[in-house]
Each structure stands twice: as structure tokens, then as C-alpha cells.
Amino acid sequence: MATPMGNLMDPAAVPPADFGGKIRSWRDFPYWLLGIAAILGWIAYLVTTEERYENAWDRIIPGLRLTIETTIYAFAIALVIGLIAGLGRISRNVVVKNVATFYIEVIRGVPILVLIITVAFVVVPYAAETFGFDNNSLDMKWRAIIALALIYGAYLAEIFRAGIQSIGRGQTEAGRALGMTPGQTMRRIVLPQAIRNMTPAIGNDAIAMLKDTSLLSVLAVNEITQNSRKYVATSFDSRGTYPILFAIYLTLTVSLSLLLSWYRRRFGLDDRA
Amino acid sequence: MPKAPRAQHAPGPEMVVIENLHKRFGPVRAVDGVSLKVETGQVVVIVGPSGSGKSTVLRCINLLETPSAGNVWVDGIHVNAKNCDLNTVRAEVGMVFQGFNLFPHLTALENVMLAQRLVRGRNKTEAREVAFAQLLRVGIAEKANVYPRHLSGGQQQRVAIARSLAMNPRVMLFDEPTSALDPEVINEVLDVMLKLASEGMTMVVVTHEMGFARRAGNQLVMMDEGRIVEQGAPDEIFANPREERTRAFFAKILSH
Chain A
38 MATPMGNLMD
48 PAAVPPADFG
58 GKIRSWRDFP
68 YWLLGIAAIL
78 GWIAYLVTTE
88 ERYENAWDRI
98 IPGLRLTIET
108 TIYAFAIALV
118 IGLIAGLGRI
128 SRNVVVKNVA
138 TFYIEVIRGV
148 PILVLIITVA
158 FVVVPYAAET
168 FGFDNNSLDM
178 KWRAIIALAL
188 IYGAYLAEIF
198 RAGIQSIGRG
208 QTEAGRALGM
218 TPGQTMRRIV
228 LPQAIRNMTP
238 AIGNDAIAML
248 KDTSLLSVLA
258 VNEITQNSRK
268 YVATSFDSRG
278 TYPILFAIYL
288 TLTVSLSLLL
298 SWYRRRFGLD
308 DRA
Chain B
3 MPKAPRAQHA
13 PGPEMVVIEN
23 LHKRFGPVRA
33 VDGVSLKVET
43 GQVVVIVGPS
53 GSGKSTVLRC
63 INLLETPSAG
73 NVWVDGIHVN
83 AKNCDLNTVR
93 AEVGMVFQGF
103 NLFPHLTALE
113 NVMLAQRLVR
123 GRNKTEAREV
133 AFAQLLRVGI
143 AEKANVYPRH
153 LSGGQQQRVA
163 IARSLAMNPR
173 VMLFDEPTSA
183 LDPEVINEVL
193 DVMLKLASEG
203 MTMVVVTHEM
213 GFARRAGNQL
223 VMMDEGRIVE
233 QGAPDEIFAN
243 PREERTRAFF
253 AKILSH
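Protein chains in written order, with this note's numbering: chain A, 38 to 310; chain B, 3 to 258.
One chain only, chain B, in its complex shape (with noise of 0.2 Å):
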């Protein structure tokens, strides 16, 4: 990535490097001092109650939100330094969303296309093929000529896991990624989602799916009102819950 400023201190093995992050809207503290850490290859699941500020830490790594204060390095890129280039850095951040967005007017081919050319300048044959092979990889080439609007919210939140990796991203964030799936379809993306982790992606993961922090994460990240309350290896967190909040939360979210 050219023109981005390198980082002070050793990129090191750390993908994403967060450092006393701030995000206030107007009043209101959304996030009050969070540091974290992200090796390469390691999978971060941040779980916590609605409110707690883990969407907007996660929208400040590829700067959607601009943090008030704070930093943020993602592969020793300073993302959030004044002379960064914001294109360039979303370019390596690929992100999913609760509401899928993807492009109503385009197919499910044509929304994997879009960015590869306009972004990365690949020609129409070369991002084609690469839509084409990462449909494949999320299991959903057969509906390749199909709009959104036809396909189920799986299968399309599955599209929308593709368009990202068509970019060829260094690290991935998942913003609820299935919070807004009938139960039914939940496991299809969240398999896509095993599988890129089991195939060493790099992966930011915002979620209430504690079986996917189980299987698939290498740190769980509980986050109340704005900070960080408890981390460490899931399996821990989940039979040992130090702090009271996090109990309290398990036992809200597990209780059924």
C-alpha cells in the first residue's frame, strides 16, 4: 500500500493493532478506551450487549467511524494518521454487514465485479474469474446470474462474504453477520465463516454466535458500556467468567 505512513512501533505479527480507541456521538461515550491486539491468522471474537460499543470499534478499524481519539494500525498502517489513504486501506479491510447491502441493481456476479475493477483495476475477463472462484468458495456459483432480491438472506449475506474476499483482503470483519438470518440459514454462513478461519484468515468478529467463538475463535473479546470488561482464550471465558457481567450476560444469552 503505497503513500500510507508506516507504524512507530514493529508491524510485527499484529494485523490489527488498536490503541486506546475513543468514539464519542455527541454526548455519548460508544467507545471509551479500548486497546486490542490481532495477530495474523488469529480469529477475535468480540461478543457483548447491544450498546457496548462493539459494532463501532469494529467501524473504526476500517474507518467507517472516525475515532475521536486514539489508534489504529491495521498490517502497520496508521489508518487513522491525517496523510492516510482511506481508499487504499479499505481496499485490504474486507467487511460484512448485518444487513448484507448488497448492490440491488447489480447480480450476485456483477456485485463481486464492481470493486475488483474499479478498485484493484483488474479487466472484466480477470475479475470475472476471480468473482466466479469466490462464489464457488462461499458455495453459491450456481446462482452467480441471479439479483439480491432473489436470494435468500443466507445466500446473500454469503454473496456479500465473496464480494469482500474478491478483493483479496488481509483481514476480514464481521459486523452480526447473521443477526439479521432466519434461524434456518444461519449455519450456511456461518460455515463459510469456519471454513476462511480454518484457511488462516485473518478475522475481526462481531456476533452473539457463541458456538462459532467456540469453534472458531482464538480470542473472545467482552465488551459493556464502551470498554473492554474481560479477553482471553473462549473456552476459559466460557466455563470461568471472572467478572460479573460477563456472567451476567452468558446467562441472559445462553439461558434458552
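Here chain A stands alone, though its shape is the one from the complex (with noise of 0.2 Å):
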């Protein structure tokens, strides 16, 4: 993928994959698209042709549905979390600025991998223990979201706190001298344009969460990772069976790359203001 992070202070930051637009010469064509499509024809002609591939692919598919429920539910409370605490993070309550920060640079110095079995089998069973519920009653696949919308919110609070910061003090004080309260210049006038400014950091994370689930074979959820690795584990056969992964993530995020290009040209949101 044609990566740049977007960065949020360079106003001419590139969106998470740029997928051409308007194509004016043989220059701008997006060729790697093409090699991409390739690999992804190729698994898919093996899959349909070769009875090794269709059975390690009807083993797979069944955790599909699991690994985007598990990315959009964890993304949806990740954007909370990470607005909440972008916020927090700026605030200049004392006691809310470094509970923020806590929480991020906790999240932000340990591994992923660490935080997923931390989560799961330390953290929840304590807070059962704690709040007095019934530690078997969190599943595992719940406890897999609450992981990934903790990790992920701490690293979208930084794209928030960022964008917030990027537009302009003339703009919250343009809205104050006409009487608006600092509720109303943020909601009104602050997050619109800061939203538009982070949608290519947000997209990026979002891509990245849906990568991340793949760590989530750890706590034995049945995504499509856990159900290759369990395939293997009885077939032996890994190069009938990984590559059949490999291609069913690469459409995942290529689809939401597009997806996402398509949006910010659909919406303008690459028209700079």
C-alpha cells in the first residue's frame, strides 16, 4: 500500500492509500493495484481448482465474520475512548491531563500482544472479582474487543489530541469573542474541521485494528487466524493453508482503503479549506 501515515500537521498530507484519482498520463497509474489483484486472482483460482486450497479455505471462512465484527465493535468504543481521552489530554484540569496521559503512555509502552493476554486473563477476572460479576460470563471474544478498544484508544486519543491542536487559536477565539461556550467552540467549531484533518490518521488505524485481530488466536477466539493455525495443526499442510490468510487480509484492507479514498473524494474532504 502506498503508505504515508498522515500526518496531521502537513496540509498536504496524503491520504492512507491514494489510489490515483484522476489519471492524466501512463504515470499515474496505479500498476502495484494490478500486482495486488494478481496474487489475489492467482489464491483465488487455486481455491476454486485445488481441492488442498478449497479445504483449507472453507475452514478459514467461518472466522470471517468474527474478525470484522470483532474490528468494527472495538473501533466504534476505540473512537470514544480515544476522543474522551485526546480530550483529557489537552484539558487544563491537572488531574485529568495525567490521568489521560497515564492511560496513553501506559498503553503506548507495552506491546500489543502483551496488553491482549494481560486484558483477558489479569484485568477482567479482576474486575470480576472486584465488581462482583462472574468472570466466565465475559467471553472471550468480548474480552478480545474491551483489549483492542483500550489499546486503539489510547493511539486514536493522539490523532485527536493532534487535530484538535492543529486548528488554529484564532478559530476557538473567533468563537468565544461571540459569546459561544468552550463546549460549543470545540463541537461547533473545533472537531468539524479537526475531523476532517484526521481522517486519513483515523482510516489508518482502522486498517491497522483490522490487522491487529489477527493477534487475538492468543485467547483461542475463532477469527480467521486462530482457524488457519488450528487447520495446520490437524493437516500439517501450512503452504495449502497461510497463503489463503495472507490473501483474505490483503482484500480486507485493501477494500477498506479504497473504501476510504472513495469517501474523502466523495465528501470533498481532500479539498483543502
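The hints are simulated quantities; they were obtained by calculation from the structure and are not laboratory data.
Glycine is no exception: its CB is placed at the ideal position from the N, C-alpha and C atoms.
Do not take every clue at face value.
Label pairs and their computed distance ranges (CB to CB) [unchecked claim]: (1) A/R145 / B/L256: 55 to 63 Å; (2) B/N147 / A/I109: 31 to 39 Å; (3) B/A135 / A/G72: 55 to 63 Å; (4) B/N147 / A/V117: 47 to 55 Å; (5) B/P29 / A/A164: 46 to 54 Å; (6) B/R26 / A/V159: 48 to 56 Å; (7) A/Q202 / B/T68: 54 to 62 Å; (8) B/F27 / A/M177: 53 to 61 Å; (9) A/N172 / B/P29: 57 to 65 Å.
Got two chains here, each in a separate frame; can you build the complex from them with the hints?
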């Protein structure tokens, strides 16, 4: 993928994947996308024609729903956490600011895999004890969603913080000078502009989270990676299985990228104000 | 304006009263003991070299800066009193910035409507009518549905003026409203300001436009190093500046 991280401070920041837009000459054509399409086409051909691949496909694909569902739920929660923590990070209230910063730095300081197992096997059981609910009532799928939401909430908080801070002080002053409250100024003036600047970076994180759901296999959640590993454990056919897994992730992420760049074009978000 | 405390001294004809105002930024004394009265319907023009504290004085009137010491009253309301409701006061004080500060995600009309709806509680129809009338007043109604990025600097600044006027302010503050403009569009903004002045709007204007000061100003205030050096009728000061610093300042800006 054409990768650049959406640099919030740079007005010329490139969206997560630039699929060309207007093609003015042969130089502008996205040949790399053809390459990806060729890989996916080849694997699709194998799955439909060879039994070995077809068997693997049949075992992996039931996990797709879980992969997508987990991503959607976790990302939706992460957006809420991220907005709150991001606002907290720039709060003038010392307590709020430090609580938010503490959370963000703790999450950023620990590998995702370690966070996932810690949340699932340490934090949730302790929480069950403390708040008196049955530890078994929360299945691994929801522990996985909570873990991913907490992790990406911290990453998104930094995106929200940078996005909000990228809006000039003059905007806030203009709102306040008109008698608007700090909350009204944030909601009606700063955030609409900030979110427009942040969409490339938020899109990147959505794609990153989709990929990180593969780590949930450590919780024995039956998403596509876990299904692949389980199948290989009985069939010993790594070479017939993992290329399919590879192709499924690639299809998902490239589709998401295309969707995001279509969305940005559709709503004119690439037009800089 | 509810909730705000009334002044001890009689409100009288003064719209803005500044009393021994000080503002420090760390070790820097940006404003160092300024007292100033602006009568209702008057236009006061503040001039002075950059860094003389003139913008800071202006920003202390609507509390975009909090005074370090001293008092500010607007229409009899002690605005830097602890229990003063800032948002209520600010709604009564229009401000026009050097950099326009229009909201880029809203059209000209929406820019003028937003605060009316949120702060004045007007409904959509009413806010739209007022907004349109104000855009007409500054001569830019035909651009109502255009986004700020498609407007020239002069047009943007006129929209910004309309945005303030739509709140029916009791006093308008102008912070170097033409300093960011190309020379050929400065006059379209000054014309609007002259019109407002002739309609009796109380105005405090920080500017380098001496022509405007002469034509519209009732009072000229010359500031340097955080203090008022000299003040009086513009014609008198231009003709016969008493202070050496005023003469030096005029010599610098009028020599070309």
C-alpha cells in the first residue's frame, strides 16, 4: 500500500492509500494495485480449482464474521475512548490531564500482544472479583474487543489531540469572542475541522486494528488466523493454508483503503479549506 | 445582561471604561497602567508601534486576555469581576480580528448564523434573516453561500464584521482589521467601518490607517511600551503632536 502516515501538521498530507484519482498520463496509473489484484486472482483460482486449498478455505472462512465484527465493535468503542482521552490530554485540569496521559503512555509502552493477554486473563478477572460479576460471563470475544478498544483508544487519543491542536487558536478565539461556550466552540467549530484533518490517520488506525485482530488467536477466539492455525495443526498443510489467510487480510485491508479514499473524494475531504 | 454585577460608579455615557489596566506575560509588561474611557457612539482609535500593547488592551475588553491588575467595565458591567458571566458579556462585544478567523467549514451565511443560534437562541429562519441583512449591510450578500476559501481577504473581513454585527453588539472591537489585506481591498473594509461609525456604533479600533483615524475617530490614543503616551482629537494630534515619541511614530509611518 502507498503508506504515508497522515501527517496532521502537514496540509499536503497524503491519504492512507492514494488510488490515483484522476489519471492524466501512464505515470499516474496504479500498477501496484494490478500486482495485488494478480496475487488475489491467483489465490482465488487455486481455491476454486484445487481441493487442498478449497479445504483450507472452508475451514478458515467461518472466522471472517468474527474478524470483521470484532474490528467494528472495538473500533467504535476506541473512537469514543480516543475522543475522551484526547480531550483529556489537552485539558487544563491537572488531574484529568494526568489521568489521560497516564493511560495513553501505559498503553503505548506495552506491546499489543502483551496487552491483549493481560486484559483478558488479568484485568477482566480482577474486575470480576472487584465488581462482583461472574468471570465466565464475559466470553473471550468480548475480552478481545475490550482489549483492542483500550489499545486503539490510546492510539486514537493522540490522533484526536494532534487534530484538535492543529486547528489555529484564532478559531477558538473567534468562537469565544462571539459568546459561545468552550463546549460549543469545541463541538461546532474545532472538532468539525479537526475530524476532517484526521480522517487519513483514523483510517490508518482502522486498517491497523483489522490486522491486529490476528493477535486475538492467542485468546483462542475463532477468527480467521486462529482457524488457520487450528487447521494446520491437524492437516500439517501450512503451504496450502497460510497463503489463503494472507490473501483474505490483503483483500480486507485494500478494500478498506479503497473505501476510505472513495469516501474522502465523495465528500470532498481532500479539498483543503 | 443578567448575573453580571453593576458597577460602583455610575454607568453614565461611557460604554467602555478601563481603569489602571495591567497585563503581564511572564516578565513582559505588555500593558502597564492604561486608563481609557470610550463614550457611547464614540470611535476611539488606538495607534502605536508594534509591541506597544494596543492589541492587548483591546483583548482585555472582552477578556480574551485576563487583566493582571486593574478593572474593565463594558456598559456598566464589571467584566473582570470574578462572578461576571463571560459568555454573556462577550455576546455584547463584537470583535474583528486581523486574520479574519472565519470558520472555514461553514459558508459565509452559516458563519454569520452560528453564534446567533447558539448564543442568542434565535431560530433558523430568524438567524438566516438577520445574517442576510448583515451581509447586505457590509455589501456581500451575493456571496452568502460561498465558503471562505473562495473569498478574497477583503470579502472575508466583511463577512467577519457581519458575523459580529449579527449579535447586535453594544460595542465593536477591531484588532488591526486591514493589516492582513492586500492594498487594493483595504478600502472596501474601511468603507464598511466608516459606515458603521456614521451610524453611531461605538468602536475601539487598533489600526495603522491614519486616514480612517482622521475621518472617523473621535479620540486618538497613542500607545508605546504598554502606556498611553498621548490622547486627544485626531486632528489636533496629527497637526501638533506634543510628545516626541508620537512625532517619531508619525514620521515613521507617514513618511512614504
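Quick rundown of the hints versus the structure:
{"no.": "1", "hint": "A/R145 / B/L256: 55 to 63 Å", "verdict": "holds (58 Å)"}
{"no.": "2", "hint": "B/N147 / A/I109: 31 to 39 Å", "verdict": "holds (37 Å)"}
{"no.": "3", "hint": "B/A135 / A/G72: 55 to 63 Å", "verdict": "holds (60 Å)"}
{"no.": "4", "hint": "B/N147 / A/V117: 47 to 55 Å", "verdict": "violated (34 Å)"}
{"no.": "5", "hint": "B/P29 / A/A164: 46 to 54 Å", "verdict": "holds (50 Å)"}
{"no.": "6", "hint": "B/R26 / A/V159: 48 to 56 Å", "verdict": "holds (51 Å)"}
{"no.": "7", "hint": "A/Q202 / B/T68: 54 to 62 Å", "verdict": "violated (22 Å)"}
{"no.": "8", "hint": "B/F27 / A/M177: 53 to 61 Å", "verdict": "holds (56 Å)"}
{"no.": "9", "hint": "A/N172 / B/P29: 57 to 65 Å", "verdict": "holds (59 Å)"}
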